[in-house]
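Reconstruct the complex from the two isolated chains, following the hints.
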Amino acid sequence: MIADGPIPLRVHDIESLSPSLKRFSLTALHGGELPTAAPGAHIMLTLRGPDRVMKNAYSLVSPAACRDRYQIIVRHVAQSRGGSAFLHQGIRPGDVIEAAPPVNLFPLSQSARKHLLIGGGIGITPLLSYLPLLKARGARFELHQISSAEDVGVFERLLAPFAPGQEIRIHGGGRGAFDLAGILSRQPLGTHLYVCGPRPLMDAAASTAAALGWPPGKVHKESFGEAAGGLPFKAILARRGIEIDVGETQTLLEAIEATGIAAPCLCRGGACGECRLPVIEGEVEHRDDFLSAEEKAAQSAVMTCVSRARSARLVIDF
Amino acid sequence: MTLQFKPNETFRSDFAYGKSDADLLRFPFPFPEDAYMYSVNIEPHVRGGPTAAFAHVFDIDEHYVAECRERALVLAEDPKRCQVLPHMEMAEWDTLELIMESLAADYPDHFSLTKAGDLWTWVNRPLGIQQSFTFGEAHTLPYGPFEYITRQAQGDFTLQDQRDDNLYVDGGMVTTQADWSLEFNIGMTFHEWHGPVPLAHEKGVFDRALKYLLRLQYGRPVRRLNWTITINPRLDTSPENYPVWGPDRTTVTSENVGEKVHLRVELQTLFRLPRSNAILFGIRCYLASVADLARVPKWRRRLHRVLRDLHPEIQAYKGLPRYRQMVLDHLAPFDDGAPTSPGIQSDLDAL
Chain A
1 MIADGPIPLR VHDIESLSPS LKRFSLTALH GGELPTAAPG AHIMLTLRGP DRVMKNAYSL
61 VSPAACRDRY QIIVRHVAQS RGGSAFLHQG IRPGDVIEAA PPVNLFPLSQ SARKHLLIGG
121 GIGITPLLSY LPLLKARGAR FELHQISSAE DVGVFERLLA PFAPGQEIRI HGGGRGAFDL
181 AGILSRQPLG THLYVCGPRP LMDAAASTAA ALGWPPGKVH KESFGEAAGG LPFKAILARR
241 GIEIDVGETQ TLLEAIEATG IAAPCLCRGG ACGECRLPVI EGEVEHRDDF LSAEEKAAQS
301 AVMTCVSRAR SARLVIDF
Chain B
1 MTLQFKPNET FRSDFAYGKS DADLLRFPFP FPEDAYMYSV NIEPHVRGGP TAAFAHVFDI
61 DEHYVAECRE RALVLAEDPK RCQVLPHMEM AEWDTLELIM ESLAADYPDH FSLTKAGDLW
121 TWVNRPLGIQ QSFTFGEAHT LPYGPFEYIT RQAQGDFTLQ DQRDDNLYVD GGMVTTQADW
181 SLEFNIGMTF HEWHGPVPLA HEKGVFDRAL KYLLRLQYGR PVRRLNWTIT INPRLDTSPE
241 NYPVWGPDRT TVTSENVGEK VHLRVELQTL FRLPRSNAIL FGIRCYLASV ADLARVPKWR
301 RRLHRVLRDL HPEIQAYKGL PRYRQMVLDH LAPFDDGAPT SPGIQSDLDA L
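Going down the list, the protein sequences come from chains A and B.
The first sequence: position 164 = 164 (full-length UniProt numbering), numbered continuously.
The second sequence: position 38 = 38 (full-length UniProt numbering), numbered continuously.
Please note that the accuracy of each hint is not assured.
Said to hold, decoys possible - Okay, derived cross-link-like pairs now, DSSO-like style, lysine-lysine, Cα gap no bigger than 27 angstroms in a straight line:
#	chain 1	residue 1	chain 2	residue 2
1	A	296	B	211
2	A	22	A	221
3	A	221	B	211
4	B	318	B	80
5	B	211	A	218
6	B	203	A	296
7	A	135	B	115
8	B	318	B	298
9	A	221	A	55
10	B	203	B	318
As the list claims (entries may be wrong) - Partial chain B-side listing against chain A, Cβ under 10 angstroms, derived:
#	residue
11	40
12	47
13	57
14	88
15	101
16	135
17	164
18	165
19	170
20	208
21	211
22	215
23	224
24	274
25	276
Hints listed in this document are in silico derivations from the structure and should not be mistaken for laboratory results.
These numbers were taken from a predicted model, which means no experiment stands behind them.
Cβ coordinates follow ideal geometry from the N, Cα and C atoms, glycine included.
The shape of chain B in the complex, shown without the other chains (with noise of 0.2 angstroms):
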């Protein structure tokens, strides 16, 4: 498969980004229903599901170039976006190889791995990187391991060390997040790093997803979506950055309501690694705007309810109550009231 990359869009300043017709469809839409409410909503992460984004292990897109380099822009900006806890060294090497074995056995137009025992060589064609390296061996390579093949991946990671029957956030490459800060949550247990989220600590939510998460295995990793919602295709919005981007939701207006919300879902997946009995934990970022999302029947008449009907604490720790009734407003005409089918998919083939 050969994707055609758009290495100049911008995730910032001028907001260069659009989706084409295919990348639209292969939108990961977040809700299976017309409702929403936090659930331990994880599966197997099985090759394919209801979009072309569930293909692949890592999903490559058209944006893969530009995220690169909006990953590139805030490292500069801010080094320490980048952690990993001194004892997670083999957790580096296990996703390094995890990651490029996975993109070269799934897209060998773009990535390819070979190897001479110790010695490997990877080379990766769309950022133009021919690297050799030994593994095992960091100082072998220009960035730790981790860092090193996260800067080529879409979407942030964090690594969980599992010790004590808990999973603590020991590590992790996070510039594409929703309001989160790794500086803040480094070390912290299951429980502690999901603090702020409402409702679902009551819902013993968390208590479940960790029993599950421990006993998870190498070779059958799961997946879940999670959504939010952002003002512009911005892809950090980062605590750090508040004073960054916080305003751009007073910039809402009823005429630009359509292309400055988009709804943010992350693609979230988890791998147990071999050598260090870690957690991998990809959190890949999508962002459509509701003009995109309104081209699709099913996926607007479903977003207008779920945003109507949406518990109002959760509203709240996602940021809407300021423009929520300008989205409504916009996406209510397009809702006839007709019923949507069960699940995510679009039931369309083309636009």
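Pulled out of the complex, with its shape left as it was, chain A reads as follows (with noise of 0.2 angstroms):
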């Protein structure tokens, strides 16, 4: 599969799973499959509010025999002013959404001899994903989802079509009465630890790993990935005399190429070294794999594919 842009979405239905959370069914708006989505993947939707564009990250809880909608489930944070609430309060049946295809960075291991997950509230949402293929594959399992105790009776009522027969316990008195070193230290050898909720638990639960001897590489935390884009700069390229205003979203090569000048570049992904410009002024917060920690250092350089100005203005001998 080449992705070929953003994938157009239509709001098929909203349910509401109790106070704060809903789930929406999203379908492709013209029809036909959409992209294969595994297990612990996630979508970046593009949600148009009002005044400003939010681009956010959801688990898709869909499995991934479904090509026919993503569904995603979204807690309203009393205090948002950004996509939940708008997700809440401004979208309905029928509404065109953007994502940008799926992206992987939680997936299952294909290895494993036993599963081990564990959720903090919200972070539910990537395990629910992972249940049908789990039991659809006789897998080995044990899920420990951390509850506050008005959430006890959602979250059962979206795990007992899994739970006949396996070890899912919702604890309800929250983090504070869980033992997550108890569990970490009774799981046999070979098992896998996928955690997902807040950064305080995840982070817990990867160092309590660790003290335990887990090897790193059986410890996977949740991750929507390294953002992206950055503070917004502006470019001089020197040799035209051309100033480019570099968005948050943007890299620097996009900004170039957007004026209609064609940049070197070959990989996209700041390993090859095709796109390397000399600076004239300004910092260089470094991104790529390329360039030696002395190059780096020397700021005389920048990988225009991935790095950024840290500097308001970045003089680029180009």
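Structure follows, in structure tokens:
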């Protein structure tokens, strides 16, 4: 599959699961099958609010076999002025939303002997996408969902289809009553841990696992990836005498290309070295794997496909 | 698009193989400039490129039917050319889905795929195959899903599992290879299976390539070209069969060099697979004789210059020393010293 840009989706159905949780079913606007979305995958939605455009990532809860719709569950955070408030209050069935093709940075291991799943609050969402596959494969797994008292009911309903005969537990006493070290210490060799939830829970799980001697490759924290963009800045192409605005979600290379100038590039991922341009003035935030540590410290070159300016202005010899 | 296949071509014994004019002009000539050195020459695999070979997700050409028959012959002699480790089962189905959906979408005259839930029906008209099966249930296919679909595809394929920040070659269909062995390499890490390549490790090429590939995203495949030289249009130059093809190198003479010596190009593609998070690595092999390449003015000038100035360690790694001088003597009269355009395109509309 070669992705041809964003996927337009129609909001097919919005289901209220609890006072703060809604499940959205999104179907392909122009019909046909959506790209296969694996367990653990997320989609980045472009939400066009009344005064600004937001890009928010949501884990898919629909199984990979489901090619006719993507499903997400969104919690409405009381103080939110961002995506969750917009989805809860500003979106109706029939509306159209754009999504980037699914990305999976939280995949299931193919060689685990057992899967230990720990969710905190709305962090249950990627775990819900794992369960149909784990059940279908007869894989050995254990799931612990940490919950506030008021959410126990909704999590029970979401997990009920998978619960018979399985080790699935909901811990309604919150994080304080949850024996993380006890659960991690009694797992058999070959177990993989997957944890999704608030940052402190994921960090605690990772550090507890490390202290108990778990190999790092067997501990997986949910991730939507590093931010691709950054603060906007001005790039000055000295030889051409042109000033370019590089936006928050744009790379320097894309900003140069948007002016119609063909800049050198090849891999577009910071590996090949083709897009290297000399820097005359300004500080570079290096994000590539090509320049050596010495070259990065010298601040004399920038790889335009991934790196940005740390300063407000970057003058390039191009 | 309807292709005219050449089902009677052979890649062994009598080597009944030839290129039509159109097939030569779509050849993915591997040298973008007049000199060659290893680099991370990876770019996004978008639809379209400098020749028609880049137009589709998986390229099918006039040699398709004959290449599939050659693959079946190799597998009949040596079934271990296709191996997949047990934990790669999801990656097998991912591969089948990707190849079937891509071929059906890109070549609707030749392939079709219809689905009724998990019940799929696959039609491959060039090979005369119609197969109904249940997606996810291997016993409904005559071979495992990876072997089933790669028997119907041109070029080799390997499956890489991603774990512990590395890529492990944990499966493959390898019958058209440039002297490497799946049986020997299966289970190896990225650096282990690239171990024999000279110069590139020291340049950090594999460190950077691995980091790049670990980040490879679903829906954003990438590609690169690799090359070597093969005597005769032989697809199976495997270590297992070295006694069969190794002696070919001694048969090159100044009279037959143009027809015997072939530039072998691999259009390599890498796809992140959705369910398994594995990477599918396609190694699509193209062969063109020196005589064929000499019909394209830009390519004959550039091939002469690249081979003339090639680093001695790369010459040795690619097995050139025994006959390189004969190739140079053959090409030198065609190289008038004129400049060549950047990039690999032929600069010709017709021959």
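Hints and how they fare:
no.: 1; hint: A:296 to B:211; result: holds (18 angstroms)
no.: 2; hint: A:22 to A:221; result: holds (24 angstroms)
no.: 3; hint: A:221 to B:211; result: holds (19 angstroms)
no.: 4; hint: B:318 to B:80; result: holds (25 angstroms)
no.: 5; hint: B:211 to A:218; result: holds (19 angstroms)
no.: 6; hint: B:203 to A:296; result: holds (17 angstroms)
no.: 7; hint: A:135 to B:115; result: holds (24 angstroms)
no.: 8; hint: B:318 to B:298; result: holds (23 angstroms)
no.: 9; hint: A:221 to A:55; result: holds (21 angstroms)
no.: 10; hint: B:203 to B:318; result: holds (18 angstroms)
no.: 11; hint: 40; result: holds (4 angstroms)
no.: 12; hint: 47; result: holds (6 angstroms)
no.: 13; hint: 57; result: holds (6 angstroms)
no.: 14; hint: 88; result: holds (7 angstroms)
no.: 15; hint: 101; result: holds (7 angstroms)
no.: 16; hint: 135; result: holds (8 angstroms)
no.: 17; hint: 164; result: holds (4 angstroms)
no.: 18; hint: 165; result: holds (7 angstroms)
no.: 19; hint: 170; result: holds (9 angstroms)
no.: 20; hint: 208; result: holds (4 angstroms)
no.: 21; hint: 211; result: holds (5 angstroms)
no.: 22; hint: 215; result: holds (7 angstroms)
no.: 23; hint: 224; result: holds (9 angstroms)
no.: 24; hint: 274; result: holds (4 angstroms)
no.: 25; hint: 276; result: holds (6 angstroms)
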